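Colleague: The primary structure of each chain is shown beneath.
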Amino acid sequence: MSETGIVIDGVTKRFGTFTAVDDLHITFADGETACLLGPSGCGKTTLMRMIAGLETPSEGRIIIDGTDVTRMRPRRRNIGMVFQYPVMYPTLTVRENIALPLKRDASLSAAERAKRVDEVLEVIDMAGRAGAFIDELDSGSRQKVAVGRSVARQTKVVLFDEPTTNVEVNAKLTLIRTFKEISRRLRQTAVYVTHDQTEAMTLADKIALMKDGRIIQYDSPATLYRQPSTEFGGWFLGNPGMNFIPVTHTTRGLESPLLAAPVPAPDRLGSGALRVGIRPEQLQAGIEPFEGSVKAEVEDCIVGIAGQLLVRLKVADETVKLKTGKLPGLRNHDTIHVAFPNEHLQLFEDGNRVEERG
Amino acid sequence: MISDRIKNGAYYTLLWAVSLLFFTPVAWIIMSSFKTREEILATPPTVIFTPTLDNYVELFTENQNFVQQLINSVVMSLSAVVIAVLVSFLAAFCFSRFKPKGTNFLMFILLSIRMLPGPAVILPVFLMFANFGWKDRHLPLVLFYAMFSIPFSVWILKGFLDGVSVRFDETGRANGASWFHIIFRVVLPQVKPGLIAAFIFNLIFVWNEFLFNFVIGGVQTQNIPYALAVGTYSDGGLNWTFIAALTSVYILPPMAFIYLFQKYLLAGMTFGTVRGEV
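Residue numbers (my numbering), protein chains in the order written: chain A, 1 to 358; chain B, 1 to 278.
Just chain B, same shape as in the assembly (with noise of 0.2 Å):
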């Protein structure tokens, strides 16, 4: 019994150990930005220090920028999960049920779209982008965005909606409903689980995104990465104290996101195999 009990204690301290080995450079950046520029780069490292808000205030008074590329940050990348999920929701809810001819062929190459990696295709999105004028706009880039997210949001949600059965559909069919109930008021409430998690794997993604903004966006499209790949050697050298709060502001709020809504985010990653009865 005892010796079970230590054997339990020594696996559940190196499982914390190892997630706090993990955890550390997160750590070390969250510190980092309530220090001073002297105290981030002292050796061996201040573990004690007191904290300043002065890298928060300056990165929000007096960079220029920061305020417009947080809010381009938020509002790109919400809208364009948005959209991503919503028409991500249709299609799949079309290819689960209507089974169109090749719905599984339609369904590998949008999965392949995925697989392409972004810098293949850089160049004629960009030509594109130039040459129609949509080059640091925020709908056309949003749009991009969406684009983008929508083949992997089809393919999770296609696993939830075909687990649905479609005795809903057709009891409401049968019974008087419109499609438009059939599809938002009867089946939508039953994926919520796979809408959520489409909804934050993609919010990861454009969260994340910093080649295509680079490139087809310009200033009035900056998003955080962006400023922060830029921000980075402003003065020189490396720019810690700005490099610590910006990445701290930065990762807050997928953090936060993913917290709330964690167990979505497994059901999802299982592709909606994992599911009640229905």
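Here chain A stands alone, though its shape is the one from the complex (with noise of 0.2 Å):
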């Protein structure tokens, strides 16, 4: 085993009868920072426990550096660790808190030990308030310390369980571009647990999209974005999700009463169900009809972000949802029409993507 970073190999992890991790085979890459997101309950936060050694693995075996460290105790991992509830020490000082797990290292001379801590709180930002006590922060700078300090003593890897969880909005964008200033800056393994899927974009190099205890893909943000391997990942990602409409499989391609003319279809296509997905900012939408374009009522309207309408349609007797920012003064009950662009469509039968369109 010479492969570097950290490598999954074939993890489960049981509680009683509830099988947390399930049978997980994954490696996330030296130097990378890979994002573990799902919704709550699929298991991205007993992986990382297992990696940080929290937890063991009921089966299988977990390589850090090429070192099997399954049954090796947490401290002797060289890891390092961010809750979403900092734990400090209140009663020393920001430099004091980074400071003190260094002192376990006797290898760091005096000298070198002050160097990181100034280094650290430089990246932190907090150089400035290094002689301030912990109580003295809000909860988004005393994460910012905790981050601080799990990553002074550039350990091979360090893990974030959901950092930002309990930060208020804008200090959480500031930490936010902390974790990236640091992921830049000193090159650690990093995996991050969110449910937040804008931190996964932000962050990540690669993201690990996960549900009841498997990993439905692993690709980089873009890909996953874009090319769903799965319709739970289409639904997952973005806001809103995919929307997908059933489709039939006929000798002139693929037919819905939804798609104005018959979508080619692939060479090989199984029985299964056949629906095809669009994101909902793919649609083309307009007051009159044009090419291509079917009918649709408006059932419902919010103004989302930056003028952006988030509109829900019924088209055919399904729902579709549609983000647009061209029809303002849009109400419901209007009728408009809406076109689901050839290029933006993917094909899924029984749920799995469907490669190598036509």
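Incorrect hints may appear among the rest.
Dumping the calculated DMTMM-like pairs for lysine to aspartate or glutamate here, alpha-carbon to alpha-carbon at most 20 Å [said to hold, decoys possible]:
no.: 1; chain 1: A; residue 1: Lys103; chain 2: B; residue 2: Glu170
no.: 2; chain 1: A; residue 1: Lys314; chain 2: A; residue 2: Glu299
no.: 3; chain 1: A; residue 1: Lys156; chain 2: A; residue 2: Asp105
no.: 4; chain 1: B; residue 1: Lys101; chain 2: A; residue 2: Glu55
no.: 5; chain 1: A; residue 1: Lys180; chain 2: A; residue 2: Glu162
no.: 6; chain 1: B; residue 1: Lys99; chain 2: A; residue 2: Glu55
no.: 7; chain 1: A; residue 1: Lys321; chain 2: A; residue 2: Glu355
no.: 8; chain 1: A; residue 1: Lys211; chain 2: A; residue 2: Glu349
no.: 9; chain 1: A; residue 1: Lys156; chain 2: B; residue 2: Glu170
no.: 10; chain 1: A; residue 1: Lys156; chain 2: A; residue 2: Asp30
no.: 11; chain 1: A; residue 1: Lys314; chain 2: A; residue 2: Asp334
no.: 12; chain 1: A; residue 1: Lys180; chain 2: A; residue 2: Asp196
Hints listed in this document are in silico derivations from the structure and should not be mistaken for laboratory results. Just so you know, these numbers come straight off a predicted model, no measurement behind them.
Please assemble the complex out of the two chains, which come individually in their own frames, going by the hints.
Modeller: Next comes the structure, spelled out in structure tokens:
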């Protein structure tokens, strides 16, 4: 095993009869930031806790930089971890809190320690408040210090367990910027658990989308967004998620009352249920009919960020979501026209993506 | 408004009266320790008198054993309680964090040991001490007292430790801290009220312990309760000057202790259920 990074090799974790993590195989590459993304209870936190050593896998192995750490105690694993709730020594200053874990490392001289702490303080942008006590800081800054403390040891791996959950919105953005800066500067292997897709999209080199203890897809954020491998991925990512329209496979191609013309079908198709997916922002819409459009009735209309309209449409008995900035003044029960551009349609068979469409 | 004030006033007067009534015996014995033998037994009791330190001087200088007994009491209670609290803290930490199989049952057993009346075990304990040659030796007696104090302390401390979130442990463990560091530097400071409460409860128990000291102790290990029980009749009748002076010295340390740490004592009596958010 000369592979670097973190290798999860067939790891399963059961709590009683409940399987939290189910036979996972995944490699988090050296120096990359990987996000574990998924709904609550999908096993992402359990997986992270197993990497940290706070839980022991029921089956399988965890290998960090070629060393099997499955049964190793947390402190021997060369990891740092940031939790949801920052836990600090309230009687120590910011600087002392960051410096404390470094004292364990006898190979560091006092000068080196100080240098590292200074470096970390600068990265987390807290140099000006190094002498402050933890009680004087707001939750966002506390979390920053927690991050600083975890990265200061320059461990091989840094784990983040939903670190922004308990931080207010503005501080959250600063914090995310700090994470970005840290991963850019320190190049530690990072695993970041979140249920916030924006966070995952911003931070991750690669996102592992999880559901029911399994990894659905492990790809770069852009790929994950553009080409979800499953309907679940399309639905989970994006705000709102993908539209899915049932289609039937005929000799003319894929047909649906929603599509003005049949769509060419790929060569090989099974006999499973077929649906095409399209993102709400990829729909074309207009007040007047246009080429390839079908009639739609507005059911509900919400004004979103930056004048974006979020519209729920009724098209031939299917409910479709549309995101557009072009149609101001829409009201419920208005009639508009929408088209589903061919190039944006993605075909799914039984929930799984069908590749190489014709 | 005025009737309210009167009501309140009457209420507090009553409370004070009851408190003072309960305090009378203590006041009487302390006052008596400054009186001569005749004044103590005078009817009606003398309230105005010229205080004398004779009783104390006699106690400390003429009573050969007293100083040794006082030292025994102080040293044995403190060391027994320190050992007990330390062991209990580690045991409670284990119960609270690792939840070994049968934790609830073990906790029940622990408490039931505490329910056992001393006289019920005195015979086997005496035989054990006699046969092992532990009788009248300080260390075995200290350990015995510690053993007797541990169950209750584990109970108190487990309540407190359950109130300290595992977040603290996990943050430490995942960031390179040793168990030693987590237990003593991260968790211990947060259960200080519990430690102090356990300390005081046990201190009171060991300080007041007579039966076991009488049976498995000896000349070397006599404590103050023993001195009080034995010395009371030493000159034929009740030696009131001795009793008064000795009792005054005897109740002073625990009283001072409790006065200093009374807020923790209250926290301990609620078994750690009253605690701040962590």
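Colleague: All the hints need checking, so say for each whether the structure fits it.
Modeller: Hints, verified against the model:
1. A:Lys103 - B:Glu170: It holds: about 19 Å lies between the C-alpha atoms, which stays within 20 Å.
2. A:Lys314 - A:Glu299: holds (6 Å)
3. A:Lys156 - A:Asp105: holds (14 Å)
4. B:Lys101 - A:Glu55: Holds. B:Lys101 to A:Glu55 sits at ~18 Å (cutoff 20 Å).
5. A:Lys180 - A:Glu162: Satisfied, since the Cα-Cα distance of roughly 15 Å is no more than 20 Å.
6. B:Lys99 - A:Glu55: holds (15 Å)
7. A:Lys321 - A:Glu355: Judged against 20 Å, a Cα distance of about 24 Å means the pair is violated.
8. A:Lys211 - A:Glu349: holds (19 Å)
9. A:Lys156 - B:Glu170: holds (18 Å)
10. A:Lys156 - A:Asp30: holds (9 Å)
11. A:Lys314 - A:Asp334: Judged against 20 Å, a Cα distance of about 11 Å means the pair holds.
12. A:Lys180 - A:Asp196: holds (16 Å)
Hint violations for this structure: number 7 only, all remaining hints satisfied.
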